[in-house]
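Following the hints, put chains B, R and L in place on chain C, whose structure we already have.
Number of protein chains: 4
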Amino acid sequence: MSNSYRTEHASDSMRGRSRVTDTPDLHAYYRELEAVSATAFWKRANEIEPWEPITRYSPTLWRYDDLRPLVLRSAELVRPEEAGRRVVVLINDSDAGRQHTAAVGWLFSGLQIMKPGEITPAHRHTASAHRFIMEGGGAYTVVDGHEITLEGNDYVLTPNGCWHDHGVFADGQISIWQDGLDIPLMNALETNFYAVYPEERQTPLHARDDSPLSYGAGGMLPAYGPAWDKPYSPLQVYRWATTRDALYNLAKVSDGCPFDGHIMRYSNPVTGGWALKTLGAHMQMLKPGLHTRAHRHTGNVVYNVAEGEGYSIIGGQRIDWKKHDIFCVPAWTWHEHVNTHKGEQAFLFSFNDFPVMEALGLYMTEAYDSNSGYQSNNGSGS
Amino acid sequence: MSNSYRTEHASDSMRGRSRVTDTPDLHAYYRELEAVSATAFWKRANEIEPWEPITRYSPTLWRYDDLRPLVLRSAELVRPEEAGRRVVVLINDSDAGRQHTAAVGWLFSGLQIMKPGEITPAHRHTASAHRFIMEGGGAYTVVDGHEITLEGNDYVLTPNGCWHDHGVFADGQISIWQDGLDIPLMNALETNFYAVYPEERQTPLHARDDSPLSYGAGGMLPAYGPAWDKPYSPLQVYRWATTRDALYNLAKVSDGCPFDGHIMRYSNPVTGGWALKTLGAHMQMLKPGLHTRAHRHTGNVVYNVAEGEGYSIIGGQRIDWKKHDIFCVPAWTWHEHVNTHKGEQAFLFSFNDFPVMEALGLYMTEAYDSNSGYQSNNGSGS
Amino acid sequence: MSNSYRTEHASDSMRGRSRVTDTPDLHAYYRELEAVSATAFWKRANEIEPWEPITRYSPTLWRYDDLRPLVLRSAELVRPEEAGRRVVVLINDSDAGRQHTAAVGWLFSGLQIMKPGEITPAHRHTASAHRFIMEGGGAYTVVDGHEITLEGNDYVLTPNGCWHDHGVFADGQISIWQDGLDIPLMNALETNFYAVYPEERQTPLHARDDSPLSYGAGGMLPAYGPAWDKPYSPLQVYRWATTRDALYNLAKVSDGCPFDGHIMRYSNPVTGGWALKTLGAHMQMLKPGLHTRAHRHTGNVVYNVAEGEGYSIIGGQRIDWKKHDIFCVPAWTWHEHVNTHKGEQAFLFSFNDFPVMEALGLYMTEAYDSNSGYQSNNGSGS
Amino acid sequence: MSNSYRTEHASDSMRGRSRVTDTPDLHAYYRELEAVSATAFWKRANEIEPWEPITRYSPTLWRYDDLRPLVLRSAELVRPEEAGRRVVVLINDSDAGRQHTAAVGWLFSGLQIMKPGEITPAHRHTASAHRFIMEGGGAYTVVDGHEITLEGNDYVLTPNGCWHDHGVFADGQISIWQDGLDIPLMNALETNFYAVYPEERQTPLHARDDSPLSYGAGGMLPAYGPAWDKPYSPLQVYRWATTRDALYNLAKVSDGCPFDGHIMRYSNPVTGGWALKTLGAHMQMLKPGLHTRAHRHTGNVVYNVAEGEGYSIIGGQRIDWKKHDIFCVPAWTWHEHVNTHKGEQAFLFSFNDFPVMEALGLYMTEAYDSNSGYQSNNGSGS
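Residue numbers (numbering that gives the first Met the number 0), protein chains in the order written: chain C, 0 to 381; chain B, 0 to 381; chain R, 0 to 381; chain L, 0 to 381.
Chain C with its partners taken away, still in its complex shape (with noise of 0.2 Å):
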């Protein structure tokens, strides 16, 4: 859907807007109302009924130079077993971010650290759960008895309602991942639900890296055995290998996307649609000194660099970043990213709530039309 709302000078003096004068009995209509729960829409209306968006969130960049030391940090001051999760919570630059707990729209992210022979308890939520490794090895997740081992720049699933325990095995490396989450959509719309699992952890109930190793390999499906019927993917991991090489091949064949690059996303294999019902992801490559066109769209996103340096104009700012700095752009914001090597590709990791937005039937997209598609002059460079 693209951006078809626009009309021709927009102005809330114009008929069809809300035009009320205030006079002293409307003021006594007004009180006479609140005694009975009640207002007058015209109080309201042309502020929540806007012409267009306006989020409430700002663009916000968190350097991985100033988070990784707390992140170590927190491994000595708390323990997995006290803390549930050891996760250092990436907080919105506004108001809406500090009260929901927010990386940016209803999306929560944070950075969770396990050490060699540590443990997370087991549990469950309605949030959904996914996870981009930035560091370490011989981590491993448990979700609903599958046992998945992760790697660097892993993009990992842990689906809504699963059961799931993480660790690192005892001869593995210490581990730092990001975690997305739709914790603040899902107490927005009052629908979060917890359970702690009986056990500590889960005993894994299928070999281990079943899923990856039966659902992998692309266009070909296991074809016995009970039909996946769940809401969410089979495949419950994407090697780094796999989709560096899948974006690798597409720039052999296709220009890109003229505000992205080249941009894959993470799919159902047994569906084509979103890996989670709620979060979706994608990975993104640019090529040597590019420079994309601005757009908007609705939804929310946050990135995290998997390789490569640059910057992004995002509502007219530039942000700087480089390997395992995570930003994000704010719903209908415009924004543009730039690949500052001039030798090397840069790839974006980046989560969103694009599959409620499709869901609900409200993704909607624009392009900046102005100044050759460019936000200004001194942030496009030269």
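Treat the hints as calculated values from the structure; they're not laboratory data. Please note: incorrect hints may appear among the correct ones.
No distinction is drawn between identical chains; accordingly, a pair holds when it is met within one copy or between any pair of copies.
List time: in silico DMTMM-like cross-link candidates among lysine to aspartate or glutamate, alpha-carbon distance up to 25 Å [stated by the list, open to error]:
#, residue 1, residue 2
1, K341, D324
2, K229, D92
3, K229, E357
4, K321, E33
This one's a predicted model, so the numbers in the text were calculated from it and none came from an experiment.
Positioned in the frame of chain C, the structure of chains B, R and L alone reads:
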């Protein structure tokens, strides 16, 4: 989906919950996190991951005896061309209600009034709207060029993104209807667009009432012309006579639902799904003297008493109602209904956000299983 | 899908067609191929890849004046418990019709008769069945425990795999209905299973007529109990009064279809799709004096004149019809309909294999565009 | 769906079957029926409603040692521009096979040969086609403007209605592939259209191999450009290396299917469904020495031995096979497979009409439960 999230002996002091004791070191650490737009998960974990949903809304009753004179007065105080729409808005008795201009949850509701010969200017918005006609005659709405006449207890749609204008023919009567919209949700999701139509009113493009005359017959669909591919029902008004007869027929062959008596869903005849993508509606019939059992569910409901008298017990609180009273049931709140009349059916119209719950996989329900299914002795009478 | 397969100057002597000249060497080669269960493609290519479909079936008329006495006689000659079902089968006037026991295409049709107090033993089969009630009163069918009463011009389902037995109550009348099944298709696909119920008749498990009383109202669906998940309509009988009124209403607001007048599809109210997975049905109304334009389509149709008189031109051949006459239109054959009465509507019931065409992506249609859309002057009369 | 159609003590002399005894009166009656294009149901009922499907096809083996020299010879005898396509067609050892030019069921199969520098003229048809590459190098196909290179054991699509032309580059090798089409089904359904492209060959519109390079990676889909909305897979070739590795990976974590060993389905990555609407395909791996249990199902299968040697028991008949031998399993016929090699995997490619069975709700399967699941002692060897 039923509620299967119950943890045995749930307590915030158990493993799997945050149980960190604050120390001066931790306090210093928290300040460092705050300086880089971060916080510690374990500080907020138990709050943002409750064991089950805790609604921010209150059961609220709006008596039509209170509202009606105020609604009539609005027709004297402001003109529709000034007000946009002349609507008395129902505000939930809670901070959340006042903050979000909400009747309950992310649902907006109000009573709109139009006098003979009046019109409201044509416009559209991302918010979906539907109406329940409470009083009057000779009212109409035009939705994307389809003109629809409106009668008492009809249920009528104004889908997301459709141009619409309303009016009462010059020989009609003062008309009052209840509007339901998801304006609060659209603002919460930052997806609310609004536009004013170039003309004050649309020119109908089809024969009057072409929608109900084409799509209103049970099981029969027109078999020519372009296939209906819009994300909402082609049947844009559901007539009271049809709805009432459907319930009488259903009652001949079914005992009904233990929690809701005989209840039917307004459905899209070309998909069987909800008529709108984000708003749902039901009509239910309570037999004389019926006292339903209590249950609760995610999602929010606003009721309008179409016929009859009785009471509901909502979150332990008794709310007495009669014709055209409006009340609400907040998310995950126990509720049961009673028809106190010994000889007449009671009919409750209601609308809800269940399509959102279902689209996101979040609809859950639970039966009240103590006390034979009733919340209390004094509530269940005798 | 419209027909876009037309090749300019199509000829079997053009490039892309088989144009091999036989030689003695080739003949010897063909014998060698035959010895190893093979043949040469180019020998058969043009025959098995025709430019467009060539039906094996003929337009056929079955006059009710001819059939009715013979159907009545069958009730004297054999008893239902001997015959299984006492049905006079309609055989297409073509070799294919006789070979496959088909009315047209892979469709079976017959006239079934039952006398008061008679029953047919309960059984089921992979073939789907539906019925159009032509005469009588007090007939019923029991389908998977749902008992349904039958009246004139009702359309009633016996879905694939459902147990069914029929009967006429002792105080009823001799009843005749048209059966439509896809027995020939099930045999062609080698998927035809058959089973006899352990008892002679089923015990109804639900209140009589629970299906039409629960699902028969336009746009209203029961909102409790288990969700309907079967691959056929929960509405198992479509009453004539509803169907006729639906067409009258439609005619108030629409000009109808150029090829079919006002035509409606019997649809599954919980999906909007066909009522059965492999058989479809329509009722259409031709206004007095209407002469529709000609078109053709893949898929086969059997018509039963519900009311009125007129004629159809099918593949250039005029077929005159009156009440309860039956005729067929073979696949990809031009056809147009005429209501010759100047004052009365004509109603044509019809059933088809369009659901198969659509499920396999094979439904194609084409308008006759010469001669103002009529096949010939003598056909279009005057 | 499993087979639940078994009637206890099934016999044509039981109630619910036709048991009419012929009489002179009946004979006279039958002649009267015939005169009005009718017949009596009970004369044919037991024949057209069998207890279970009875296939018209025979298990047939086509030895590649027999076929290959004949296929090579065809390249000397006719030129592609004369023959349309130079294909040796496989004919089932049954009357139905010869009548319908079918390998089994409504499936067509043949071996196509092309020499370096040759092309087949561009055309299209309603029949769907797919290919399994048996020999050669430097072959390609162009499908609706997408050029795809072909290598040994690749599986490649030519969907219904797509323009296609094939060729071998001048520096390539003689290439032989197996074609599979549903020409017999399209003729049986009278839906077969054919057209010749205006030019001898298409000009590729996309970079070479853009389809596998864009859609071939497990779980990753391009996230820009128009959404894929065609009724077939955007992934038009499934490479052997990917397929084989997928099976090896699957075998690491699963015991496989009792009837088929490790078996995977070629799937459409944007839907998870079959790659084509009417034809399906699998690759299966039989571990050294594996002897699978017998089962049967509706639908027909043609096998091509991709690697290895062994035998299958089909309808009680043993068929020995080695690399590139082709054999078939007719509908509802018991079958089991044996890899006779003690050290090497065997790989069987196969294609089928299961998508038709599933789309029409007709897929049924049954395990052979006598004799520990094997058809006979002599069959199961030793």
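Okay, the hints, checked on the actual structure:
no.	hint	verdict
1	K341 <-> D324	within (20 Å within a copy, 54 Å between copies)
2	K229 <-> D92	neither (37 Å within a copy, 39 Å between copies)
3	K229 <-> E357	both (19 Å within a copy, 14 Å between copies)
4	K321 <-> E33	between (53 Å within a copy, 22 Å between copies)
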